[in-house]
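There are 4 protein chains.
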Amino acid sequence: MKKINVTVWDETQGPIGPYSNGIYQAIADFLVESGQFGKVRTATQPEPEHGLTMEVLADTDVLIYWAHNHHGTVEDEIVERIRKRVNEGMGLLILHSAHGSKIFAKLLGTDALHLRWREASEVERVWKIESNHPITAGLPDYFEIPKSEMYGEQFCIPTPDELLFISWHQGGEVFRSGCTFKRGNGKIFFFAPGHEGFPIYYMPEVQQIIINASKWAAPLGDEPIKLQNVTKSPEALRIGDKTE
Amino acid sequence: MKKINVTVWDETQGPIGPYSNGIYQAIADFLVESGQFGKVRTATQPEPEHGLTMEVLADTDVLIYWAHNHHGTVEDEIVERIRKRVNEGMGLLILHSAHGSKIFAKLLGTDALHLRWREASEVERVWKIESNHPITAGLPDYFEIPKSEMYGEQFCIPTPDELLFISWHQGGEVFRSGCTFKRGNGKIFFFAPGHEGFPIYYMPEVQQIIINASKWAAPLGDEPIKLQNVTKSPEALRIGDKTE
Amino acid sequence: MKKINVTVWDETQGPIGPYSNGIYQAIADFLVESGQFGKVRTATQPEPEHGLTMEVLADTDVLIYWAHNHHGTVEDEIVERIRKRVNEGMGLLILHSAHGSKIFAKLLGTDALHLRWREASEVERVWKIESNHPITAGLPDYFEIPKSEMYGEQFCIPTPDELLFISWHQGGEVFRSGCTFKRGNGKIFFFAPGHEGFPIYYMPEVQQIIINASKWAAPLGDEPIKLQNVTKSPEALRIGDKTE
Amino acid sequence: MKKINVTVWDETQGPIGPYSNGIYQAIADFLVESGQFGKVRTATQPEPEHGLTMEVLADTDVLIYWAHNHHGTVEDEIVERIRKRVNEGMGLLILHSAHGSKIFAKLLGTDALHLRWREASEVERVWKIESNHPITAGLPDYFEIPKSEMYGEQFCIPTPDELLFISWHQGGEVFRSGCTFKRGNGKIFFFAPGHEGFPIYYMPEVQQIIINASKWAAPLGDEPIKLQNVTKSPEALRIGDKTE
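In order, the protein sequence lines correspond to chains P, A, H and W.
77 is the number of the first residue of the first sequence in the working numbering; add one for each residue after it.
77 is the number of the first residue of the second sequence in the working numbering; add one for each residue after it.
77 is the number of the first residue of the third sequence in the working numbering; add one for each residue after it.
77 is the number of the first residue of the fourth sequence in the working numbering; add one for each residue after it.
Worth flagging that the hints you see were computed from the coordinates, not collected in a lab.
Careful: at least some of the hints might be erroneous.
Since copy identity is lost for identical chains, a pair holds within one copy or between any two.
Only pairs whose alpha carbons sit at most 25 Å apart, straight line, appear in this in silico DSS-like list of lysine-lysine [stated by the list, open to error]:
hint, residue 1, residue 2
1, Lys115, Lys79
2, Lys223, Lys79
3, Lys223, Lys308
This one's a predicted model, so the numbers in the text were calculated from it and none came from an experiment.
Start from the sequences, fold in the hints, and give me the full structure.
See below:
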């Protein structure tokens, strides 16, 4: 079975909050350590073409995308490039504040930036809604994030194909914190927790979810859906075959 | 109850195929005749701002959109304007070859242009998949379009919220020809039949579907979903109220 | 437009908790007071055939079902009678602890009894997930129930067709507290709040939801889906018609 | 990785139509030949407990169910046993005329017997609706069954979680011929083709679909969803932990 190549994308380089090598490197590290993936790359916004050249994307099975403050300066051409690759089959994980990214809005068709939020340091309790699903496999009924930013409903997304997690926030809100979507051949997983100020990506449950989702989102090898002008109909072909 | 204002949009003006006053006027005519709507406007691509000024859209509850050959020349600013209004709650009907429009792709996030097609003159039989639904109310189990262009699967759309019609094509294909989607507060209905060369919009079943869908898609008056920074939590508010 | 006939069903008769005439009567009262319905009946488990005779069900557009402690003694024949009527098009509202009823399990196919619960007296905050939907029309972003029993995830239901409300519970749980399902022609709405010990059905938001849902669930008049042996195909019929 | 145990169930024993050892044995044969499964058992209705003892079901990861003429004589106790195991996580494949089985109706909650049918010998063309899905992996855009019975819409099922195949029938009908559902932890796949008079289960595409679906439906090892009375809330537990 072909190994899954993952590219972890971040809007900044270098240390941030509790992540001495950046969030992207923290995520890449546990993916590598799991031994379950092929190439694990990182790419960042300051690099040429935001590190997402045609070559990199063509060799990426799953793109993990974290961003917060620089959505506006991501180039539209690169956003379109990602959208196209997702439609072709590349998996995409949208983490935390990347809900406000251009690529997420472009794939969903909604103002996914729109939600209720509070720069908080509150408990978030993540509840599993679906079991016997590849992304939630092995997870407990719930787990607690001691300090988390608050994201709450109403969240401007289309009805997800699958709702896997709902979060309880200490201040009184709820949030659909784990959702899947499919666009063309591409599988998308949104996972809400992950503020840059808290060590959330060091939590084993969160790492398990990201590992599970990366495996789930990997393409199975099908051709992209195409525009096809079929001048000869299947019935014409079928009857033709018989008469020959 | 507030009357529903409908705007029927077309990419061209003037007669086309069997429609002596254009497809847009044919649709506007049966909407008016039904007596079930408020203002029924038409708007066309050649007009300034494609006839879809801020004022027109603000006064439109449901936009009906037909287009075929000029998707590429629709201005991006107008497309974004429509997308925004749909997210705010305006209903949208996407008819026939408008599957390839910028606005449909932008709302779905997929290459909705991509499907199988054949410039044909074949029977299309439209099967009702859901009954007891506002859009299919009063329709028979199926109806036949004597001459129709072929649109077939695989059609590059996200899983619809509701699948209402599936078409059988004489040449051997099937198609999800009636689908609903929701984006933000806006309800969207895609209906496949309607080639400009055939008198399909004169068929009573098709008119019934478009009338039904226009009523279904009309907004109920809710506020758009917003980005809200809630610095004081509901729990803080609640406890505060108690202690006062 | 035909008036909607509603039957409110309860497992017991007489006063319970804050409801001096029973929960069923409290619900019937505000439905009548709204002036938006036709016949508003009540029916209870102690009556012959549980008050749900063939005649009553045939004249019922929407059945509202509240039950808690006597699920086991509801006769299977009556359960099957309700199931059949729902498939034919009768709407059904399943309230609170009726999640554990035979009829809900029979319609869903899951052990819908299974959830997390606590006989509590805690705050429940009900969040609106979908706006511009007939059931949530006119409701605020959230409302608070000062004292409520806790129902929490994981809740053993199929993925709802629509998820309209998610509840936040003071003790730390979340719950999909407003969900729609369709079975055959019948629309089903589950709404979680409503413990017999608290005056929840006197709350205006809850009354609004039940009124909205009763209108939404009413059948539109379509024939039930039938088993049909079509010995002559649509194509045979079509070609036959032409040749005559 | 644990091997998947499959049990293939049939209502009759012995040869039928083109299947010299029965349909159940034909299916078991290609599953064994694929080398991708653990124990591949067969079980039939004439056996004690219909061959589906507690021990057999407990050791079955995926049950494949074919039936046609004897739905009425399947014992309710065994049906309930299967339903319970599906809710616990056992996968279930419902083949062809098993759409009319007690177990399918019980899991769906609808009169899934109800559809349009014709004892025909017509071409059925099976169209793939979703690519990049485990069940459709490796399949062409469509394939043709030269002779097939007709099953057509409207089909009385709830909206499937996923719609994977739609069939075109020569006589003019369409059918949702490949659908997934989830009930509790159990994954269900319905696949329509497979009349006992035609050699459909010998077709490589059909075998691929059944192999794919059996792998997809296998449980991942999660505990069943339970009714849990949580007298101590997560918040009480959390705060308790801190104060100790």
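Against the structure, the hints come out as follows:
1. Lys115 to Lys79: This pair counts as within: shortest intra-copy Cα distance 8 Å, inter-copy 28 Å.
2. Lys223 to Lys79: neither (35 Å within a copy, 41 Å between copies)
3. Lys223 to Lys308: Between copies only: 17 Å across chains, 61 Å inside a chain, cut-off 25 Å.
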